[in-house]
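**Student:** As a plain string of letters, each chain reads:
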Amino acid sequence: MTVEATAGPAVRTQPKIESELLRSRVGAAMWFLLPMLAALAVVAGWPLLRTIYFSLTNASLTDLYGADFIGFKNYLSWTTLKSGRTVFSGLLVDPTWWNAVWNTLRFAVLSVTLETILGMIVALVLNAEFKGRGIVRAAILIPWAIPTIVSAKMWSWMLNDQFGIINDLFLKLGLISQKIAWTAQADTAMTAVLVVDIWKTTPFMALLILAGLQMIPKDIYEAAEIDGVHPVKVFFRVTLPLVRPALMVAVIFRLLDAMRIFDLIYVLTPNSSATKTMSVVSRENLFDFDKFAYGSAQSTLLFLLIAVMTALYIWLGKVRFDGGDR
Amino acid sequence: MAHIELKNIRKSFGLVDVIKGVDLEIFSGEFMVFVGPSGCGKSTLLRLMAGLEDITSGEMSFDGTLVNALAPSRRGIAMVFQSYALYPHMTVYENMAFGMQLAKSSKEAIQERVEKAAELLQITPYLSRLPKQLSGGQRQRVAIGRAIVRDPKVFLFDEPLSNLDAALRVATRLEIAKLHHAMNSATMVYVTHDQVEAMTLADRICVLRDGLVEQVGTPLELYENPQSLFVAGFIGSPKMNFLNGEIASKFGANTIGIRSEHIEIADRDGSWKGKVVHSESLGSDSFVYVDIGMSGDPVIVRQEGTRHHNPDDAISIAPIPGKIYRFDAAGKPLKH
Numbered sequence: 043m044t045v046e047a048t049a050g051p052a053v054r055t056q057p058k059i060e061s062e063l064l065r066s067r068v069g070a071a072m073w074f075l076l077p078m079l080a081a082l083a084v085v086a087g088w089p090l091l092r093t094i095y096f097s098l099t100n101a102s103l104t105d106l107y108g109a110d111f112i113g114f115k116n117y118l119s120w121t122t123l124k125s126g127r128t129v130f131s132g133l134l135v136d137p138t139w140w141n142a143v144w145n146t147l148r149f150a151v152l153s154v155t156l157e158t159i160l161g162m163i164v165a166l167v168l169n170a171e172f173k174g175r176g177i178v179r180a181a182i183l184i185p186w187a188i189p190t191i192v193s194a195k196m197w198s199w200m201l202n203d204q205f206g207i208i209n210d211l212f213l214k215l216g217l218i219s220q221k222i223a224w225t226a227q228a229d230t231a232m233t234a235v236l237v238v239d240i241w242k243t244t245p246f247m248a249l250l251i252l253a254g255l256q257m258i259p260k261d262i263y264e265a266a267e268i269d270g271v272h273p274v275k276v277f278f279r280v281t282l283p284l285v286r287p288a289l290m291v292a293v294i295f296r297l298l299d300a301m302r303i304f305d306l307i308y309v310l311t312p313n314s315s316a317t318k319t320m321s322v323v324s325r326e327n328l329f330d331f332d333k334f335a336y337g338s339a340q341s342t343l344l345f346l347l348i349a350v351m352t353a354l355y356i357w358l359g360k361v362r363f364d365g366g367d368r
Numbered sequence: 465m466a467h468i469e470l471k472n473i474r475k476s477f478g479l480v481d482v483i484k485g486v487d488l489e490i491f492s493g494e495f496m497v498f499v500g501p502s503g504c505g506k507s508t509l510l511r512l513m514a515g516l517e518d519i520t521s522g523e524m525s526f527d528g529t530l531v532n533a534l535a536p537s538r539r540g541i542a543m544v545f546q547s548y549a550l551y552p553h554m555t556v557y558e559n560m561a562f563g564m565q566l567a568k569s570s571k572e573a574i575q576e577r578v579e580k581a582a583e584l585l586q587i588t589p590y591l592s593r594l595p596k597q598l599s600g601g602q603r604q605r606v607a608i609g610r611a612i613v614r615d616p617k618v619f620l621f622d623e624p625l626s627n628l629d630a631a632l633r634v635a636t637r638l639e640i641a642k643l644h645h646a647m648n649s650a651t652m653v654y655v656t657h658d659q660v661e662a663m664t665l666a667d668r669i670c671v672l673r674d675g676l677v678e679q680v681g682t683p684l685e686l687y688e689n690p691q692s693l694f695v696a697g698f699i700g701s702p703k704m705n706f707l708n709g710e711i712a713s714k715f716g717a718n719t720i721g722i723r724s725e726h727i728e729i730a731d732r733d734g735s736w737k738g739k740v741v742h743s744e745s746l747g748s749d750s751f752v753y754v755d756i757g758m759s760g761d762p763v764i765v766r767q768e769g770t771r772h773h774n775p776d777d778a779i780s781i782a783p784i785p786g787k788i789y790r791f792d793a794a795g796k797p798l799k800h
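Protein chains in written order, with our numbering: chain U, 43 to 368; chain R, 465 to 800.
The reader is advised that the hints may include incorrect statements.
[Unchecked claim] To spell it out: a stretch of chain U is covered by chain R in this simulated footprint if at least three of its residues, at any positions, have a beta carbon under 8 Å from a beta carbon of chain R; those stretches are:
(1) 70-81
(2) 102-114
[Stated by the list, open to error] No more than 30 Å apart at the CA atoms, straight line, and that leaves these computed lysine-lysine pairs for DSBU-like:
(3) R/K617 to R/K642
(4) U/K115 to U/K333
(5) U/K115 to U/K173
(6) R/K714 to R/K642
(7) R/K799 to U/K275
(8) U/K333 to U/K275
(9) R/K617 to R/K703
(10) U/K360 to R/K596
(11) R/K471 to R/K596
(12) U/K275 to R/K796
(13) R/K484 to U/K260
(14) R/K787 to R/K799
(15) U/K260 to R/K568
(16) U/K260 to R/K799
(17) R/K642 to R/K737
(18) U/K275 to R/K568
(19) U/K260 to R/K703
(20) R/K799 to U/K173
(21) R/K737 to U/K275
(22) U/K260 to R/K796
(23) R/K703 to U/K275
[To be verified] Partial chain R-side listing against chain U, Cβ under 7 Å, derived:
(24) L516
(25) T529
(26) A533
(27) M543
(28) S547
(29) A549
(30) Y753
No wet-lab data here; the hints were simulated from the structure.
The C-beta atom is built at its ideal place from N, Cα and C for all residues, glycine as well.
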């Protein structure tokens, strides 16, 4: 972008020198990009292509390389019975899969929405000047810095139905009359997962939004003060529009993350159909159920879903990654 | 229109005293300029008037009403910032109308006022543009327009020209002067570190130094009767020549000051002999820097028209009698 923009007009006046400069710049850019592209091709491109390929075969863990190509049968196949009834099978008609899709979407939308709102509040607080702000800023990052497996295990103990501190607290406060198996019960499992994820990821959101808030010049707020704008209106009419570019990028990061959630659910609520997400069921098929091809098909579909959602979000939200429209 | 009175105003940030007791009266409809070197507290004083900072002690009143605890929006002021402080996501029109919209004014009234202000400042063609699509000078005009739309009793300018290049600075300075004539009922308070801006715009200038008022007066009063060595050196361009030691004691003073236009190149009784260090020709006038064997800066002599002097030429200069300012050891002027 920058190379074109700066070199563009000048090319006409001084074609020779400028084009040489441009060529050397493009050359340098290529050399800088090459290692990155090579690494991406090896660690992302190749596995992705392999997964897509496996999803079109009947591969199993015991026989990965002797697999036969079966086309889209993992996704959808049908047999017509003698009675004339057609029976469909495959991923696209698998209720377990659609349950996982629904769980994932519900989790992604709820967690990202709540994290955005809470993250914004935390960021606004941290943007204000007060004593010990540096310490608070560092402290608030702790939940995000703990590895997910550790924090998931920690929370699963806290949420334990027999010995968990949360049941104990709620009982003593009189909020519940008997101990609840938060992570095991179908009606509370998703809430438990959401609470832990929000606890863990709100700091990340807050930090990204805070970076956006700090880009807003202070004197604009002083101008608003002189204009006599009510603080709530300042937030909606000034702060929010100006922080929006940063916010949109933060949301997209979180959305991508939430769509492929695995570790937290795997540790906190193992085997609960109320929380199983696409990543969880695809791993089950890949390794636990020895349906490698079927799991690959699920992974492929997960990839496509995330790609479509991200593209839609970028398009609808008019997200710009070059730092917004300021 | 507002008569502003400051009584023993003090402001401290923690342990640091920035304003150390300022008494000042700004008359209704007056163009008052605060001038001083950086860190003298001039911007802080303006922000105290705006209500953007709390007054530590003292009394500030607008038209006899105490405003110490009044919110900025209720003081009847408008402020123009050095950095323009335009809302970047709003068009020029929206920027100017924002305050009125929130005050629930009618659409017609808003439009009328915005268009009138835009016309006055010649920014009508840019009303639908975003600030980022404007040049610095245009942005500052929009910021001034936003202030006009508020129809304030007091305009506060915080170094509004500092971010502009030299040519635009002169042009915008003229705009502000014209604005003052056009709105002769509004009181204007203007902060700058540039004494030329102060001299050209002000009805009265308030020279600040280290949080205290050094001198208040019309530009010519300050130029002709500086009440301290500091004001004498700060007002006027080029800077007043200061000489001390033997030369000064001949005049019965600790330090004497003499402006560059009050020195002639002449060899007469009481003239100073020296050599040319450097000479500058600006077309309309020329400046010669002369080393007369004193420590410190060379003496600057102004001559009309273009004159040329070679470096190291011997030269003899003489002060015009009666144009010498004499100061005592404390930097205060001595009576003739």
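**Student:** Give a verdict on every hint.
**Tutor:** Cross-check of the supplied hints:
{"no.": "1", "hint": "70-81", "result": "violated (count 0)"}
{"no.": "2", "hint": "102-114", "result": "violated (count 0)"}
{"no.": "3", "hint": "R/K617 to R/K642", "result": "holds, 17 Å"}
{"no.": "4", "hint": "U/K115 to U/K333", "result": "holds, 13 Å"}
{"no.": "5", "hint": "U/K115 to U/K173", "result": "violated, 63 Å"}
{"no.": "6", "hint": "R/K714 to R/K642", "result": "violated, 47 Å"}
{"no.": "7", "hint": "R/K799 to U/K275", "result": "violated, 60 Å"}
{"no.": "8", "hint": "U/K333 to U/K275", "result": "violated, 56 Å"}
{"no.": "9", "hint": "R/K617 to R/K703", "result": "violated, 36 Å"}
{"no.": "10", "hint": "U/K360 to R/K596", "result": "holds, 19 Å"}
{"no.": "11", "hint": "R/K471 to R/K596", "result": "violated, 41 Å"}
{"no.": "12", "hint": "U/K275 to R/K796", "result": "violated, 53 Å"}
{"no.": "13", "hint": "R/K484 to U/K260", "result": "holds, 26 Å"}
{"no.": "14", "hint": "R/K787 to R/K799", "result": "holds, 13 Å"}
{"no.": "15", "hint": "U/K260 to R/K568", "result": "holds, 25 Å"}
{"no.": "16", "hint": "U/K260 to R/K799", "result": "violated, 49 Å"}
{"no.": "17", "hint": "R/K642 to R/K737", "result": "violated, 47 Å"}
{"no.": "18", "hint": "U/K275 to R/K568", "result": "holds, 13 Å"}
{"no.": "19", "hint": "U/K260 to R/K703", "result": "violated, 36 Å"}
{"no.": "20", "hint": "R/K799 to U/K173", "result": "violated, 54 Å"}
{"no.": "21", "hint": "R/K737 to U/K275", "result": "violated, 70 Å"}
{"no.": "22", "hint": "U/K260 to R/K796", "result": "violated, 41 Å"}
{"no.": "23", "hint": "R/K703 to U/K275", "result": "violated, 50 Å"}
{"no.": "24", "hint": "L516", "result": "holds, 5 Å"}
{"no.": "25", "hint": "T529", "result": "violated, 17 Å"}
{"no.": "26", "hint": "A533", "result": "violated, 15 Å"}
{"no.": "27", "hint": "M543", "result": "holds, 5 Å"}
{"no.": "28", "hint": "S547", "result": "holds, 5 Å"}
{"no.": "29", "hint": "A549", "result": "holds, 4 Å"}
{"no.": "30", "hint": "Y753", "result": "violated, 41 Å"}
In the structure shown, a violation is registered for the earlier hints numbered 1, 2, 5, 6, 7, 8, 9, 11, 12, 16, 17, 19, 20, 21, 22, 23, 25, 26 and 30, in ascending order.
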